[in-house]
Amino acid sequence: MKKLRFGLLAAAVVAIVALVAVACGDDDGDGGGEGRGDTVQTIKDRGELKCGVKQTQPLFGFREADGTVVGFDIEFCKALAAAVLKDHTKVEYIDASDASTRFELLAEEEIDVLIRTTTITASRDRELAVDFAQTTFYTGQGFAVRTDSGIDSTSDMGDAIICVQTGTTTEQNVADHFTDIGLEYDPQGGLSQDVADAFFSGRCDVLTADASDLASRIAVRDDAADYKILPQIISKEPLAPGVRDYDSEWKDVVNWVVHGLIRAEEIGITQANVAQMAANPPNTEVARLLGVPFQGGEVAALGFDSVDPQFIQRAIAAVGNYGEIYDRTIGDNIPRACTLNDLVINNSGCPDGQGGIQYALPYR
Amino acid sequence: MAVATGSAPPPPSEVPLLYRRGVRRLLTQGIYVAITAVVIGYVYTSLDLREFGFGFLNEPAAFKVGNQWLVDVDGVTNSRITMYLVGVWSSLRAVLVAIALSTVIGVLVGVARLSSNWLVAQMAMLYVEIFRNTPLLVQVVLVYTILLIGAPLIENVVNVGDFFFISNRGMAMPWPVPDEGFWNAPIWFVGVWVAALIAMAVVAGRVRAQRQERERETGQPQYGNRWALGVFALGAVVSFFALGAPVSMDEPMIVGTHYIEGMVMEPEFTALVAGLTLYTSAFIAEIVRGGIQALPRGQTEAANAVGLSGYQRLTLVILPQALRQIIPSVTNQYLNINKNSSLAYAVLYDDLFRVANIVQNKAGHALEMFFVIIVTYMLISFAISVVMNFFNARVTAQRI
Chain F
1 MKKLRFGLLA
11 AAVVAIVALV
21 AVACGDDDGD
31 GGGEGRGDTV
41 QTIKDRGELK
51 CGVKQTQPLF
61 GFREADGTVV
71 GFDIEFCKAL
81 AAAVLKDHTK
91 VEYIDASDAS
101 TRFELLAEEE
111 IDVLIRTTTI
121 TASRDRELAV
131 DFAQTTFYTG
141 QGFAVRTDSG
151 IDSTSDMGDA
161 IICVQTGTTT
171 EQNVADHFTD
181 IGLEYDPQGG
191 LSQDVADAFF
201 SGRCDVLTAD
211 ASDLASRIAV
221 RDDAADYKIL
231 PQIISKEPLA
241 PGVRDYDSEW
251 KDVVNWVVHG
261 LIRAEEIGIT
271 QANVAQMAAN
281 PPNTEVARLL
291 GVPFQGGEVA
301 ALGFDSVDPQ
311 FIQRAIAAVG
321 NYGEIYDRTI
331 GDNIPRACTL
341 NDLVINNSGC
351 PDGQGGIQYA
361 LPYR
Chain G
1 MAVATGSAPP
11 PPSEVPLLYR
21 RGVRRLLTQG
31 IYVAITAVVI
41 GYVYTSLDLR
51 EFGFGFLNEP
61 AAFKVGNQWL
71 VDVDGVTNSR
81 ITMYLVGVWS
91 SLRAVLVAIA
101 LSTVIGVLVG
111 VARLSSNWLV
121 AQMAMLYVEI
131 FRNTPLLVQV
141 VLVYTILLIG
151 APLIENVVNV
161 GDFFFISNRG
171 MAMPWPVPDE
181 GFWNAPIWFV
191 GVWVAALIAM
201 AVVAGRVRAQ
211 RQERERETGQ
221 PQYGNRWALG
231 VFALGAVVSF
241 FALGAPVSMD
251 EPMIVGTHYI
261 EGMVMEPEFT
271 ALVAGLTLYT
281 SAFIAEIVRG
291 GIQALPRGQT
301 EAANAVGLSG
311 YQRLTLVILP
321 QALRQIIPSV
331 TNQYLNINKN
341 SSLAYAVLYD
351 DLFRVANIVQ
361 NKAGHALEMF
371 FVIIVTYMLI
381 SFAISVVMNF
391 FNARVTAQRI
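Protein sequences appear in the order of chains F and G. Note that my numbering has the first sequence beginning at 1, numbered continuously upward. Note that my numbering has the second sequence beginning at 1, numbered continuously upward.
One should not assume that every hint holds.
[As the list claims (entries may be wrong)] Stretch-level coverage of chain G by chain F, calculated; a stretch enters the list once three of its residues show a Cβ under 8 Å from a Cβ in chain F:
1. 64-73
2. 105-112
3. 256-264
4. 374-382
Worth flagging that the hints you see were computed from the coordinates, not collected in a lab. Remember, it's a predicted structure, so these values are computed and weren't measured experimentally. Note that CB positions come from ideal geometry on N, CA and C, so glycine has one too.
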């Protein structure tokens, strides 16, 4: 009996000592990585990409009844998994539907990348532990109302009850905008799905969110004709993937996968022809983008040492180019031609004052 | 101290090292200090890249908080801490109303469970079993969903006599509002009214003494305290209005699709308070029932023997004694109401937790914000405990 008690006490002491040792060891590890993360290596070691996505927004990130997550943002997760892990199915979709905790997920390393209709802003870039890669979707904040409401612009919204997603830039935009136009309003805040439900049940007069968000929610409804989106746009909302601060290696990979997918559309590389293009590249640029030698020359690695030179090729093979992703996931629900998300090179046919701004930086 | 059995403890030198009191104490305290040091050290080292401080709370908020009542804060010129305090006020409101309602309903249901009327007792039992055995979150969300989907749209609002409206934007009802001169009323008004109040207090004191005297003489209950309170309240109200009260009733109206004026009880508030009340009142009912059943049957029999009515038996004999059992347990339920009020998150009610979340989402500083949240909840809990301990001291002051 006495020996047993002594044993327990000894075990407790050993446990404490171990705890101290672990804590100190952990501390050393963190200290060494200061200013320079190694998310790419972490993903490779884990064999799976942890992608923080929305699961409640049709077209962008939405969980289907059978449990699969689909949408525009999801395709970029697959592209990144294909680029880093050579397998676009090796993605764990972490639910980041709650806007107010999404950056915590990133900061606490619960996710590797946040692809969740997140707007780039200066304050987020500076105040939060997040860095933004290339914009994947350009939109702006709009307003949805019922068709019979008689509201045609925000100047008709005096004292209106406005449903707005909390923890978003829309919340601040609407506060700023109503101060500017000198009107009062009554906000109803909550999770994006909850405020949308509240709006569609008649709790609010107005639902405000990114115009693309509004379009996606109304498009999937049976009574879509009862609602309209006002033409008025009160903000810029460039939606981009977010990564942790101080990890330029990983940020560059994310960045250039997005650029690569846009460039692929610009020069006509598609999911269907990428293999044939890689086998027989028509010019040096295609060879460089796909990471293959041109006419027996060297493969250009361009300094990407954590991934192999074919990472963009694999991304294209997995999900297609930017235009293919758009057509497959969003399609006609949000028309693309001559809107911000069209390619700059297509603008010649657009009416005056309209046109796209999607433009890939040169991959060389 | 004589040792009866004669087996004296062995001298310190024979006790194994680890069983010596001094060593034991040193060791346990050492382990405690070590754990504390590790935790603090770990938190400190993982924080060294971030700035720790509360300065971010003074920055402009740039968001507006909903469900405001008696305050009007637009969030553009106000600081983040102001918006947080608006959230605290929303939480407090829900907690106070839920405490009051769940106490009343809980006592009624608890007493009803012991009713000799079979139907009443069974209904009370059904109430307790339903609301005690389902999760609070489910109840809150269910009530909210019913209010949003079940209540009519504002276009088809239920209009009760043009002063009470029900729609899925809430219930609107008349509410007294101070007139413009309320806060800078003339000095003579305040003076006269205070004088009237003092006079009323004197009158009330006389009434109380008189009735207590009669109670002693006749042996019939004369309810001296209640009479005194009634006289004072009546006098205060009458004199207030006689002096031309600077308060008017604000009747709600519907303009377009909005309520204006009056008081609007929004569905978010109603859902949260209803959920908290249903859930907690079921627990309080059980506490009340237990407290009453713990009394010896002789108390009831004695009350019957001296000819008290059922109501008198309950209010004069049973409840005052049962309160000694009930109050500590009910205090726990009140603390639960405070903590459970954070479920406002599920029904779009802008309570302190949601506002804190918004601030944290904008400014980062999660650790500081959680510190503020925890301190706030603890302060509210502490205030509830202080009040309840006061009541507890009163009911236990008399020994039985």
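Worksheet item: Are there three or more residues in the region 64-73 of chain G whose C-beta lies within less than 8 Å of some C-beta in chain F?
Response: Per the Cβ count (3), the hint holds.
Worksheet entry | Whether chain F covers the region 256-264 of chain G (at least 3 residues having a Cβ closer than 8 Å to its Cβ atoms) | Satisfied; 3 residues make the cut.
Worksheet item: Mind checking, does the region 374-382 of chain G have 3 or more residues with a CB under 8 Å from chain F?
Response: violated (count 0)
Fill in: Proximity test - 8 Å, beta-carbon atoms, the region 105-112 of chain G to chain F, at least three hits
Since three or more residues must qualify, the claim that chain F covers the region 105-112 of chain G is violated, with 0 doing so at under 8 Å.
Hint compliance for this structure: hints 2 and 4 are broken, all remaining hints hold.
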